[in-house]
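Peer 1: Spelled out from the first residue to the last, the chains are:
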Amino acid sequence: MDAVLQGLVLIADPFNVALIFVGVLIGVVVGALPGLSSPMAVALLLPFTISLDPVPAIAMMAALYCAGTFGGSICAILINAPGAPPAVATAFDGYPMAKRGEAGRALGIAAISSISGGIISLFIFLLATPLLAKIATSFRPMEYFALAIFALSMLASISGKSPLRNLIAGAVGVLLGTVGIHLTTGVERFTFGMHAFTGGIGFVPVLIGLFAVAELLNQSQAVDKAYERIKDLVVKLPSRDDLRRIRGTILRSSGIGTFIGVLPAEGATVAAIMGYNEAKRWSKHKEEFGNGSPEGIAGPEAANNAATGGAMVPTLALGIPGSATTAVILAALIMHGFRPGPYLMKETPEFVYAIFAAMILANFMFLGIGLAGAKIFSRITLVPRTFLWPAVFVFSLIGSYSYGASVFDVWTMLVAGMIGFLMLRHGFGPAPLVMGLILGKLVEESFSQSMILLDNKWWRLFESPVVVFFFVLTVVSLAWPFISAWLDRRKQAVAVATDPVGD
Amino acid sequence: MLNRTDLAVTAILLAICGWLYYLTTSFDAVSPLFAQDMPPERFPRMLLWVIGGLALGLPFEQRLRGAKGKVLDKARATPARPIVYVTTAFLVAAVFGIPWIGTFLVLIAICIGLPLLWGERRWKILVPYVLIFPAAVMVLFSYLLGVYFDPGAIGVKFP
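For the protein sequence lines, the chains are A and B, in the order given.
My numbering puts the first residue of the first sequence at 5, with every later residue one more than the last.
My numbering puts the first residue of the second sequence at 16, with every later residue one more than the last.
Hints in this document: simulated from the structure, not taken from any laboratory.
Careful: at least some of the hints might be erroneous.
[Said to hold, decoys possible] Straight-line Cα separation of at most 30 Å, DSSO-like style, residue types lysine-lysine; simulated pairs:
id	chain 1	residue 1	chain 2	residue 2
1	A	K284	A	K379
2	B	K89	A	K495
3	A	K350	A	K103
4	A	K284	B	K83
5	B	K139	A	K284
6	B	K89	A	K379
7	A	K495	B	K85
8	B	K83	A	K290
9	A	K103	B	K89
10	A	K290	B	K85
11	A	K495	A	K290
12	A	K290	A	K240
[What the hints assert, rightly or not] Short, incomplete list of chain B residues facing chain A, as computed with Cβ under 8 Å:
id	residue
13	V65
14	A95
15	I98
16	T103
17	C126
Cβ coordinates follow ideal geometry from the N, Cα and C atoms, glycine included.
Assemble the whole structure, with the sequences as input and the hints as a guide.
Peer 2: What follows is the structure, given as structure tokens:
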């Protein structure tokens with residue numbers, strides 16, 4: 005209890021509150037701008053926060069993460085262009101509702117659902133993190149290796165075009181993590197004789213390159229794209245009838261979102277789509293879906309915000325990122341000298357609770373900012389891309405340079421961006437590569453330690469029930485894309501059999 | 016049966032894997048006792064085998080996924096527009112210019128060059144943007160965050 009209070013006191017500092025506010029503001033703006041994403045914004049924010057104390061630095065990033073997820077709904081509702089991937093499902097019903105003149109109602113439902121999902125998941129975070137961390141303290145390198153392999157296997161089922169490509173990108177990320185000096189022997193690997201590579205590839209330039217520069221090159225093909233914006237906007241809080249109608253959806257989607265968020269590598273996008281599907285499945289007004297159903301907005305919004313709190317659980321308790329954005333936050337924790345995982349909870353619990361408090365505060369802030377400023381944020385989409393993306397590159401360049409005051413890092417960022425662009429064209433997402441890069445060290449270290457402990461007899465890994473448990477989960481997660489495809493085919497076959505003429 | 020583009024992607028990935036595998040043979044040799052039976056090349060080699068193995072599935076993926084596989088071709092259905100290459104060349108030139116003209120001038124060049132390259136001609140917005148934005152970013156980083164920026168070979172330093 006003392007640690008909780010200490011965490012609250014840490015966040016109550018006016019400077020920290022101000023930074024959280026700034027984080028929320030940036031988050032909502034970034035979320036509202038199509039093309040800009042939370043992982044990109046957190047990666048660009050990282051160099052700013054290096055000079056800050058760890059608490060305000062991570063709190064600001066966590067606040068941006070929460071607000072960015074909500075911010076995506078603004079453009080999804082007003083211009084039918086989700087500002088961020090987790091808001092894709094919000095557009096299905098948000099935009100039709102806005103088009104029939106109820107944009108304010110749609111935004112109000114989105115805001116209330118988002119904050120509800122966020123707060124519910126944060127209380128689960130508060131309960132689950134210490135428990136999970138306590139369990140994880142008994143993990144040996146073998147268990148950690150199995151856990152990390154399970155986390156990487158989850159890349160097969162995260163959102164993206166292809167499970168296979170996600171796995172390849174994840175493995176390439178782990179391979180990038182091997183660049184530099186081998187810890188056990190001190191041998192240089194893949195350094196190409198360059199001194200700058202001996203310490204490994206810098207997280208920050210690669211993150212910025214993959215998330216920001218790759219997208220810049222992608223967007224350079226569509227700088228003249230214009231959006232039709234809904235005008236005459238007055239944001240309304242949901243009516244009592246709306247609340248009665250969406251409360252079940254909010255609770256259900258919050259549970260789904262938190263669970264999906266807790267799963268390693270799974271993020272808000274998967275949660276939102278599942279939240280939407282479940283909202284439709286349970287609704288008494290299925291016919292309204294796609295035409296502006298309140299549950300169609302509440303479902304994905306509650307789920308995607310719940311996923312933010314959920315994703316922080318494995319990040320802080322196990323050191324395994326729950327999403328692309330938390331992978332960047334994990335990198336920030338490492339840069340600030342923390343050891344994410346069970347010992348973070350054991351040694352500095354007040355720090356974990358401070359992040360919890362920051363996220364709670366951020367949720368209330370984005371509710372206020374989102375409701376009061378929706379009209380302004382909707383105008384953000386009018387910022388010409390010809391000015392927006394050069395500004396993003398300026399921050400990318402300065403951010404990667406200031407990480408190590410080195411032009412070499414700027415080159416790393418640029419090369420990562422070019423590779424990221426090619427990856428995007430061929431269906432490889434940047435998020436799995438980042439996850440692999442962040443998890444790379446853990447995978448190799450735990451594997452090496454396990455093999456040393458087990459006298460190089462890999463089959464002895466299966467002597468541990470925890471390892472067996474994670475390996476079973478790994479097999480399930482790798483097989484899941486095939487299982488779900490088979491289920492889909494079966495469902496379609498049943499539908500055709502029961503209604504052969506398609507009425 | 017096979018997707019030709021993915022076949023090319025596989026070939027490139029396998030070639031890179033092969034090259035990297037070759038590089039692992041040139042890692043410094045360490046005695047097994049010192050390496051505790053975990054030589055430095057073992058883990059990267061395992062990963063290269065995994066990547067190579069997974070890459071072999073790429074040409075068949077689209078066919079195996081049926082209608083859902085079409086999404087894989089969406090982004091690459093049309094060739095990248097020339098502006099992407101021009102933008103890339105401009106960004107490379109900008110980064111190349113840092114040691115010569117310094118960070119501040121490079122930022123100004125980016126703020127004026129990229130919008131012009133992309134067809135922006137609204138001078139009333141462009142001029143204040145070029146004058147204010149890079150300076151504001153430099154003030155933030157060099158004065159508030161204390162980052163030192165290289166003034167470049169010709170010695171242009173942020174005031």
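Peer 1: None of the hints should be skipped; say for each whether it holds.
Peer 2: A quick look at each hint next to the structure:
no., hint, in the structure
1, A:K284 - A:K379, "29 Å, holds"
2, B:K89 - A:K495, "26 Å, holds"
3, A:K350 - A:K103, "51 Å, violated"
4, A:K284 - B:K83, "22 Å, holds"
5, B:K139 - A:K284, "49 Å, violated"
6, B:K89 - A:K379, "34 Å, violated"
7, A:K495 - B:K85, "21 Å, holds"
8, B:K83 - A:K290, "25 Å, holds"
9, A:K103 - B:K89, "28 Å, holds"
10, A:K290 - B:K85, "29 Å, holds"
11, A:K495 - A:K290, "18 Å, holds"
12, A:K290 - A:K240, "24 Å, holds"
13, V65, "5 Å, holds"
14, A95, "7 Å, holds"
15, I98, "5 Å, holds"
16, T103, "6 Å, holds"
17, C126, "5 Å, holds"
Checked against the numbered hints listed earlier, the structure breaks hints 3, 5, 6; every other hint is satisfied.
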